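With positions in the sequence shown counted from 1, the corresponding number in the working numbering is that position plus 114.
Read the hints as simulated data drawn from the structure, not as lab findings.
Owing to the predicted nature of the structure, the values given are computational and were not obtained by experimental measurement.
There may be inaccurate statements among the hints.
Computed list of lysine to any residue pairs in SDA-like fashion (alpha-carbon distance at most 25 Å, straight line) [to be verified]:
1) 368 to 282
2) 470 to 585
3) 470 to 599
4) 447 to 526
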Amino acid sequence: MPGGGGASLPGDRPCVSVAMCVEGKEGVAWRNEGNACEGEEAGLSLCFSVRADLIGQIQRWGRDPRKQSITGEERQTDRPTTVELLFVRSSVRWFPLIQAGSFYRLIVPNTQDPSVLIGCRVAGRSGVELHTNPSLLVRSDWRIHTLTHPLLTTPYSQVVPQKVMSVTEVLDCSSGVDLVSFHGVISQRINLQRGTATHTPTHREVEAGLTVRLTVCVETRGRSLQVYVDLSRTPYPPGLVPGNTVLFTSFQRKLSRVGGVYCRSVPLSCLTVTALGTTDTQSCDSPPPMVLLGVWSLAGAEQCMVGQVRGHVVCVLYLQLQWTCSLCGSIYKQERCTRSQPPCNSTSAVFQAEAKAAVEDGSGEAHIWFSYPVISGLLGLAMPQWEGLQRSLRVRGHLRVYTRGRSLVSDVNPGDPLLQYLSCVCSSSTVCRPLTLTCTLQTRSHTPAAHRQDSAQLKRFTRGDREFVTRMPPPLQLTCTHILEER
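Turn these sequences into a full structure, and let the hints steer you where they fit.
Here it is, written out as structure tokens:
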């Protein structure tokens with residue numbers, strides 16, 4: 115025990131501790147913790163939970179055992195106790211440290227009472243058997259030290275951590291597997307904003323209805339997996355950028371209606387960035403395979419999820435440019451947000467763009483969607499022209515053009531100079547040209563081969579004085595992620 119009349123340092127105070135082996139952990143999220151505290155919304159706290167086995171006996175220390183090797187009493191146990199450790203508010207800072215399959219020493223300072231490390235069980239009715247583990251709330255002043263030495267005298271020396279699969283194994287494993295853990299390199303990230311007007315944010319730092327779709331690739335040509343991460347009830351994890359390697363833990367493996375495999379997050383899921391890479395969106399070692407639209411249309415997800423298409427832009431079917439409020443997502447024009455009920459006083463806006471073009475390569479046709487990063491390349495605009503177009507749209511805030519017959523039309527005045535300029539650009543040879551496009555398959559809109567005959571539509575062709583009518587399957591739906599000019 116420390117002596118002297120002066121104030122003791124935090125590490126010199128008495129404490130109790132217990133060794134533990136972590137079996138698994140849930141992701142960080144805002145949940146109803148039940149008790150409000152100052153500065154927090156009532157009942158809503160940032161928290162996560164850890165399932166761990168407490169090993170050996172609870173130890174008393176005269177000071178923090180930071181550099182103390184594991185003792186014999188901490189190693190020996192007849193029957194370990196499994197507990198649920200609850201990390202709430204400021205104790206969430208331990209989330210990056212704690213990993214499944216690792217050993218730690220949990221320390222409670224300023225006490226010699228071992229009962230503080232005994233978990234509480236949920237009270238049940240008479241005659242009802244509960245199968246829940248006792249829970250233990252980790253306080254903000256508790257500390258956790260990593261035990262680097264193996265516990266050779268315990269049954270945990272041969273602990274096998276949860277199997278971490280590769281992207282290929284997730285794609286090829288049995289359909290009976292539900293929750294999987296895997297690692298991969300992010301090749302693409304797309305924010306999917308849905309239902310912002312009908313959903314209430316769970317927390318002021320959470321964007322309502324936000325889901326991130328990550329395309330995760332593997333070191334095999336053409337093999338990739340789409341992962342949907344729901345961020346409507348969890349803080350945005352940093353590092354989800356193309357090129358980084360991420361460990362996905364306890365994600366749900368799902369099959370789409372066309373037989374494609376994808377994964378999505380559940381409340382148990384968590385992800386960890388394990389390695390940083392380049393910001394190049396084509397971060398996989400091998401480029402996507404070159405595919406024909408006709409073959410891809412028939413095979414669908416069985417062919418590949420990401421591929422390169424060498425084709426010719428036939429026409430622009432749809433183009434939308436708009437400035438949206440960065441706070442509420444409404445149209446932003448004349449330097450103000452247009453939302454009136456309730457009024458929005460935001461002073462910042464974000465430029466958004468979306469386009470759809472018809473592309474054919476001689477074997478088939480596809481409707482390809484283009485988002486903001488690649489639309490300037492589709493329109494053949496240099497950066498000064500692209501920035502000038504954005505400035506010209508600030509007064510109006512929104513412009514949409516679409517195909518009607520052989521012409522591009524809009525809801526605004528046909529004599530509008532900006533509309534005439536875009537119509538001229540979209541119908542010019544600057545846009546209607548050969549390109550090599552890196553695309554991803556939109557599996558939700560793809561029709562399986564067994565049903566393609568039923569979904570085929572009659573289409574009329576005119577060649578000279580002759581008319582031909584034939585059944586055409588619906589065009590393949592793709593999303594472009596990269597444009598390469600033909601030389």
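Original post:
Broken hints, numbered, in rising order?
Top reply: none
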